[in-house]
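For reference, the chains in residue letters:
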Amino acid sequence: MKKALIVIFCILLSSCEIQERIPPEEYIVDNTWSSVFDAYWHGMNDNYVFWSLDSPNREWDEIYDKYSPLFAELGEISEETREKGARYFYNIMKDLNDMHYMFYLSNGNYLIFWFYAITNRNLMELGYSEDEILKGFLYFDEFEKLSEDNNYGTSEMEREHIGNIMYFTFDLPVFENFVETSSDNNSTDKKINEYFDDYMAFSHTIEGQSTFALLGKTSDKIVYFGFNSFIFSDYYEYAQGQDEELKLWGEELMEILNKFNEWIVEDDIKGLIIDLRGNTGGLNSDIPLLWGRLSDESFVYMQERSKMGDSRLDYTSWIPIRFQPDENGLAMNKDVPIVVLTNRNSASNAEVTVMIMKALQEKGRNITIMGNTTAGANGYFIDNNDVYNSGLFTVEPYIEIYRTSTLQHVYKDGTMYEGIGISPDIEVPFNWEDFQKGEDARLEAAFNHIRI
Amino acid sequence: MLRKFSLLFILSFALLPSLFADSWAVGFNAGYVLNGVKASSGYREETSYDVFHGYGVSIPIQYYFTEDLGLETGLRLTERSYRYVHSFDGETILDIHEHNAYLEIPIMMIKSWNVNRFSFSFGLGGYLGLLVYKTEGGSFLTLSFNQDLDFITERYYTWKDIDTSDNLFEAGLSVKLSSTFEIVEDIDIFFETRGDFSFTPIEREYQENQSFRYNLSAVFSLGVLYSFGGNQ
Numbered sequence: 001m002k003k004a005l006i007v008i009f010c011i012l013l014s015s016c017e018i019q020e021r022i023p024p025e026e027y028i029v030d031n032t033w034s035s036v037f038d039a040y041w042h043g044m045n046d047n048y049v050f051w052s053l054d055s056p057n058r059e060w061d062e063i064y065d066k067y068s069p070l071f072a073e074l075g076e077i078s079e080e081t082r083e084k085g086a087r088y089f090y091n092i093m094k095d096l097n098d099m100h101y102m103f104y105l106s107n108g109n110y111l112i113f114w115f116y117a118i119t120n121r122n123l124m125e126l127g128y129s130e131d132e133i134l135k136g137f138l139y140f141d142e143f144e145k146l147s148e149d150n151n152y153g154t155s156e157m158e159r160e161h162i163g164n165i166m167y168f169t170f171d172l173p174v175f176e177n178f179v180e181t182s183s184d185n186n187s188t189d190k191k192i193n194e195y196f197d198d199y200m201a202f203s204h205t206i207e208g209q210s211t212f213a214l215l216g217k218t219s220d221k222i223v224y225f226g227f228n229s230f231i232f233s234d235y236y237e238y239a240q241g242q243d244e245e246l247k248l249w250g251e252e253l254m255e256i257l258n259k260f261n262e263w264i265v266e267d268d269i270k271g272l273i274i275d276l277r278g279n280t281g282g283l284n285s286d287i288p289l290l291w292g293r294l295s296d297e298s299f300v301y302m303q304e305r306s307k308m309g310d311s312r313l314d315y316t317s318w319i320p321i322r323f324q325p326d327e328n329g330l331a332m333n334k335d336v337p338i339v340v341l342t343n344r345n346s347a348s349n350a351e352v353t354v355m356i357m358k359a360l361q362e363k364g365r366n367i368t369i370m371g372n373t374t375a376g377a378n379g380y381f382i383d384n385n386d387v388y389n390s391g392l393f394t395v396e397p398y399i400e401i402y403r404t405s406t407l408q409h410v411y412k413d414g415t416m417y418e419g420i421g422i423s424p425d426i427e428v429p430f431n432w433e434d435f436q437k438g439e440d441a442r443l444e445a446a447f448n449h450i451r452i
Numbered sequence: 453m454l455r456k457f458s459l460l461f462i463l464s465f466a467l468l469p470s471l472f473a474d475s476w477a478v479g480f481n482a483g484y485v486l487n488g489v490k491a492s493s494g495y496r497e498e499t500s501y502d503v504f505h506g507y508g509v510s511i512p513i514q515y516y517f518t519e520d521l522g523l524e525t526g527l528r529l530t531e532r533s534y535r536y537v538h539s540f541d542g543e544t545i546l547d548i549h550e551h552n553a554y555l556e557i558p559i560m561m562i563k564s565w566n567v568n569r570f571s572f573s574f575g576l577g578g579y580l581g582l583l584v585y586k587t588e589g590g591s592f593l594t595l596s597f598n599q600d601l602d603f604i605t606e607r608y609y610t611w612k613d614i615d616t617s618d619n620l621f622e623a624g625l626s627v628k629l630s631s632t633f634e635i636v637e638d639i640d641i642f643f644e645t646r647g648d649f650s651f652t653p654i655e656r657e658y659q660e661n662q663s664f665r666y667n668l669s670a671v672f673s674l675g676v677l678y679s680f681g682g683n684q
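As they're listed, the protein sequences go chains Z and G. Per the numbering used here, the first sequence starts with residue 1, numbered consecutively. Per the numbering used here, the second sequence starts with residue 453, numbered consecutively.
Hints are not guaranteed to be accurate.
Below 25 angstroms or equal to it, Euclidean Cα-Cα: the simulated SDA-like pairs (lysine to any residue) are [said to hold, decoys possible]:
id, chain 1, residue 1, chain 2, residue 2
1, G, K612, Z, A359
2, Z, K412, G, R607
3, G, K586, Z, R305
4, Z, K247, G, K586
5, Z, K66, G, E660
6, Z, K66, G, D600
7, G, K586, Z, K66
8, Z, K66, G, R656
9, G, K612, Z, R58
Bear in mind the hints are in silico, worked out from the structure with no lab data behind them.
The whole structure should be built from the sequences, with the hints applied where relevant.
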C-alpha cells in the first residue's frame, strides 16, 4: 500500500512537465527551407504579440503541420525553389492582423522575398490577385510596376501624404530641404497664400528619411497642422545637440511645434485641422509634446498589454493609458471645433491620435474624423524583443522581422482596431486626378465643416 | 435508473457515518497562502518567476472512523498567486503578480496523536478546484511618455477576465500538519500548515510546445473546530 502511494505520488509530480525552449536561431541546422521555416515558426511562436487574433485556438500549430512537410519537400534554398518557398511564406503571412509586420527573407547573399502586411492589405483591397502581389514581393522590378500601375499608383495609399499635399495643394517645393514662413514668401501666386495669412513649412531629409510639416493659420483663425511622421522628439534632441547643422533644423521644427502650441490656445481661434493623411506614426514621446494642450484634464483613451510568458496567449491585463495634459495647465478652448483628416495609410501614432480624439469626442468635444478609415496598425513596436520579451526577431542570415508590434493596443472601451482601422465620422473620397490639379477635396471638406 | 442510483448514493453517505462513526467535526479556518509556480522562463534573460502572497479560507469537515484515524473534506477558497518579473538593462519592465482563486474540495486521510488537550495530526490527500476569479496587479512600464519625455510606469490592480486560455480546473496533492488545542469541551482551535502541489497547469493546453505553469503552495492557517456525534 505504501509503495503504491509513493508510485502514484511520483507519477503525478512527474506529469508536471516543464517545456524548455530554445531560441529560433538554434533551429537552423542547414541551408534548407525546412530549417528556415522551423526557425521562423518558433521565433513567431515566442515573439509575435497578436496570437489572440491570429491563433486563438491552435491555428498556428495547424500552420506547422501543414507547411512543415511542404518545406521539407523543397530541400535546399536555391533560385529554383525560390518562388515555391516564397509562396508558402506568403500564404502563412497574408492573413496576419499585425499591420506593422515587415518580413525579409534572405539566402545570405541577396533578398529572396519580403512581405509588408500593410502593402499586402492595401493591394488586396484594390483588387490585385495574390499572384500579382507575391510577384511584387519577390522581384523589385515587379513591385515598381505595381507602384506605377494605374490602380495602385493613383490610390491614396501611394499618393496622399503630406509631402504631396504640400506640393500639389499648397505649391511648396518639397523636393529640397527648406524652411519657409509667410514672411519669407515674396510670391503671391502660390496657392498657400490663398489658404493662410501666416504659415511655416518645413522639409528636411536626413539619412534617407524625409520630414515634412506645415503649420498655417487662415484669416478667419482656423489653424491647420499636417506632418508626415511623429519625429518631433528627435528634432528636439537635435536642437539640444552639438551638430551645428542638425541643431538648426531641430530649432526650426521646434519653432513650428511651439507656434502650434501657442496658436491653439489663443482666444480667437475658430477651428483646428490636424492632417494625418499618410502619416505613418513614429515616436510615442511626441504624443505629449504635440497634443498636451488639447485638454486640461487627464483621461484614459487607450489600453495596452504585453506578453507575460512564452506561450502564445500569455498576456498581462489591459493597462489603461492616460492622456497627459500640458504641465503648465494650458489648454485650448473646449468649444473650438477640430477636424482630423485620415486616410488608409494613417498608421500607428496617427491612429493613437485618433483614439485621443475619439475619447475627447465622447467627452462632448466638437471633433470630427474625416477622410478614410485608418491603417489598423495600432500596436507599438520597439526594435528590441528583449525589452518586453516580444516583437521583432532576427535569425541570421535568413530571417529578419524588421517590424512587428511589441505591445497590443485597444481603444479605451476595449475595441480592437488592429488589422481593421478606425472609420471616419465623415467619409470623403480621394481622387488623384483632382488632387494633382490642387483640388484637395478632403481638405476643402474639413474647412467647410468648420466654417458652416 | 439514474434516480435509483442517486438515491442509493445519497443513502450510502447517510448510512456510512451511522455504521462506523466515531465522531464528526466541522469548523472554519483562514490563513495565508504563499504560492509560486513551477515554470520555465525559457531562454529569456532577466525574466523570473517568484512566490507571492494570497489567502485561504475553508470550512473543514472531519470524520473520524476511530479515535486517531479519519477523513477530511470540506470547501475552501484558495488564492494562489505568483510573481512575474522581467527587466531590461537593469530596469524593471514588468513586475506583475497574478492571483488565481479556486473553490476547492479537498479529501484527505488524517492520522492524529492525542496528548491531553493537545492533538497533532498529519494529513495526506488531494483536492479538486474550480477557478472562480483572477486578479492582477503590479507595475508595468508602458510605452507612453510624460511631458519630460520620461517613460510612465503604471501601477495597477485589477480584475482579470477568465478567458479560453485559462484552465478552469485544478487538481493536486495536499499534505498537512496541524496542532489542535481543546479550549472547551467540543471546541478546538488549531494551527495548520499545508503544502499543495498542483499537477494541472494554470493554463489550458492550447498549443504545441506550451510553457505551462503549475501552482505550488504553502498554506498557514488558524481555525476552530466543533466536534459532535460518536462516542465522545
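Quick rundown of the hints versus the structure:
For a cut-off of 25 angstroms, the pair hint linking K612 of chain G to A359 of chain Z stands: about 23 angstroms separates their Cα positions. With a C-alpha separation of about 17 angstroms, the suggested pairing of K412 of chain Z with R607 of chain G holds against the 25 angstroms cut-off. For the suggested pair K586 of chain G and R305 of chain Z, the alpha carbons sit about 16 angstroms apart, so the restraint of at most 25 angstroms is met. As the CA atoms of K247 of chain Z and K586 of chain G are separated by approximately 52 angstroms, the hinted pair breaks the 25 angstroms bound.
Taken as a hint, the K66 of chain Z and E660 of chain G pair is honoured in the structure, with Cα atoms around 14 angstroms apart against an allowance of 25 angstroms. For the hint linking K66 of chain Z to D600 of chain G, the alpha-carbon distance of about 50 angstroms lies beyond 25 angstroms, and the restraint is violated. Distance check on the hinted pair: K586 of chain G and K66 of chain Z sit about 36 angstroms apart at the alpha-carbon level, beyond 25 angstroms; violated. The suggested pairing of K66 of chain Z with R656 of chain G holds, with an alpha-carbon distance near 23 angstroms, which does not exceed 25 angstroms.
Taking the CA atoms of K612 of chain G and R58 of chain Z, the gap is about 23 angstroms. The hint holds against a cut of 25 angstroms.
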